[in-house]
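Model the full assembly from the supplied sequences, consistent with the hints where possible.
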Amino acid sequence: MSFAYLSKFFFGVGALTLSLLTSTGWAQDASKTTTPAQQQEPGIRGWLERLHEAARRRAYVGTFIVSNGTEMAASKIWHVCDGTQQLERIETLTGQRRTTLRRNDEVMTFIPESKVVMKERRDSLRLFPDLLQAPGQQIEAFYTARTGPVERVAGFDATVVDFIPKDNLRYGYRIWSEKNTGLVVKLQTRDLEGKVLEQVAFTELQLDAPVRLEVLARQMDNTAGYQLVRPEQRKTTPEAEGWRMTKDVTGFQSMSCHLRSDANGSKSPSVQWVFSDGLASVSLFLETFDPKRHTKERAVSDGATHSLSRRVGEHWVTALGEVPPETLGLFVQALERTR
Amino acid sequence: MASLEERLSALFDGECEAAEAASITQAYSSNPDLQAAWVHYELLGESLRHGRLDPAVGSRTDFVAGVMAAIQPVVITQSPAAVSDLPSGLKPALTPDTTREPAANDAVFRWKMVAGLASMAAVATLVWQVAVAPAPGAGAQLALQSSPAGSQAPVFQAVVTERGVMLRDPQLDELMAAHRQYGGMSALQMPAGFLRNATYDIQQR
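These protein sequences, in sequence, are chains A and B.
Numbering-wise (numbering that gives the first Met the number 0), the first sequence opens with residue 0 and increments by one.
Numbering-wise (numbering that gives the first Met the number 0), the second sequence opens with residue 0 and increments by one.
Just so you know, not all the hints are guaranteed correct.
Said to hold, decoys possible - Pair ranges (Cβ atoms, derived): (1) B:3 x A:179: 32 to 38 Å; (2) B:29 x A:287: 38 to 44 Å; (3) B:176 x A:227: 15 to 21 Å.
Note that these hints are calculated values from the structure, not bench results.
Note that CB positions come from ideal geometry on N, CA and C, so glycine has one too.
Here's what the structure looks like:
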């Protein structure tokens with residue numbers, strides 16, 4: 000048995016015993032000590048800018064784990080930037096073999112099994128900082144930032160910061176931000192009781208790794224042996240598709256609406272209408288009701304992501320997002336056809 | 000060769016190389032002992048950080064087993080009452096323990112069931128809940144599809160994966176993939192969301 004493992008075992012037994020015997024009073028005293036960071040609270044905007052800045056300035060290589068209970072997925076990540084552009088390579092280590100290469104908002108997804116590479120631009124990667132500056136998008140109205148102590152993640156000291164929701168229509172986030180660079184090294188999505196619904200974290204991280212930008216750029220442009228596919232994203236508006244929300248779901252703004260190329264081969268296209276409150280997003284999938292495919296109304300949970308499917312008149316609606324199920328219900332209830 | 004638990008411990012401490020991380024995360028999905036160990040490490044971390052442990056959580060050493068025993072399968076009914084209830088409110092569809100009459104056919108769906116820790120623990124408690132009711136107007140068709148022999152509804156596929164047999168709904172999987180692809184409209188997308196979405200396993204379409 001390794002020393003690290005043994006020491007953790009014995010330390011764990013001791014610590015648990017000590018903590019169980021400890022009175023609440025001691026815990027309260029411990030929480031009174033403030034760090035210099037707490038005395039000068041940056042606020043949620045300040046924190047978001049810091050988290051973004053880290054990705055713009057530092058190169059790193061790491062192993063990244065996503066978990067939501069008993070399901071875990073892992074990937075290896077290479078990230079490099081030169082001040083104006085960011086390049087990233089994400090290689091899945093579990094499940095379907097897949098390599099994603101990103102240059103700013105341009106994304107190439109290589110799937111070795113089918114020899115297909117998908118090339119697309121992701122709006123969601125262009126959002127910041129405009130997302131915070133959009134009129135009506137007052138993220139502070141719905142979340143508060145609270146800085147916590149410093150903890151160690153993947154060998155680095157990280158400041159813990161909580162983004163706490165101000166109502167029960169959304170989830171909270173606990174972020175571990177590397178102390179010097181601001182890089183997100185761990186992030187949890189938490190419900191109102193503090194229960195962790197999903198966690199992403201670096202389990203191994205090398206900051207300022209010697210990743211060469213031109214190497215990643217070459218990998219991205221090398222599609223030899225792969226069939227290049229450009230998924231269509233036909234932009235539209237909810238009005239053009241005959242939909243409207245009778246009532247806003249507090250905090251959520253309409254962000255985009257597009258027609259989906261229907262994999263089922265059905266003649267009527269389906270629509271994806273995306274909403275966001277700045278941190279959480281909800282997709283409404285709207286399609287014509289088809290009794291052969293739409294047989295069961297259901298509510299499904301998968302970690303932090305919930306879905307709700309139901310028939311609305313002659314249409315079938317699936318609301319999906321990282322929000323409490325009740326919030327999805329509000330979206331579906333507020334949907335209305337205009338023709 | 001280090002034991003599985005030692006290797007998990009190394010993963011937790013960030014002392015694990017990529018290939019090792021891959022093999023451990025794969026083992027994790029089908030190994031309740033590893034899942035309980037992860038929970039233990041998170042609990043330990045919380046107690047060290049905050050100097051206290053939620054007594055309710057700390058005493059539940061067999062919490063995982065207890066939750067698994069307590070989870071009841073969701074039983075679907077095809078009674079007309081359930082159908083007419085739906086338009087007036089969503090609660091019946093969302094509450095897994097709504098009393099329902101057992102269906103005559105085998106209509107018990109369990110997409111996936113997972114146990115974890117609540118509150119103080121830093122590991123998710125995840126219960127896949129599938130509360131299902133027939134869509135209005137599809138009742139007759141559903142009756143034909145659901146034979147007394149107890150076959151699964153045609154919508155779901157039993158898929159053998161490295162994580163064991165899972166019931167998957169290809170339609171929902173596709174929407175989930177589309178949401179991860181185009182729905183990440185979040186200020187957290189650049190710092191972490193994009194990495195998360197690119198890491199998640201997706202079903203081959």
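Now the hints, each set against the structure:
Checking the proposed 32 to 38 Å range against residue 3 of chain B and residue 179 of chain A shows it holds: the Cβ atoms sit about 34 Å from each other. Taken as a hint, the range 38 to 44 Å holds for the pair residue 29 of chain B and residue 287 of chain A, whose Cβ atoms sit roughly 40 Å apart. Between residue 176 of chain B and residue 227 of chain A the Cβ separation comes to about 19 Å, which falls inside the hinted range of 15 to 21 Å.
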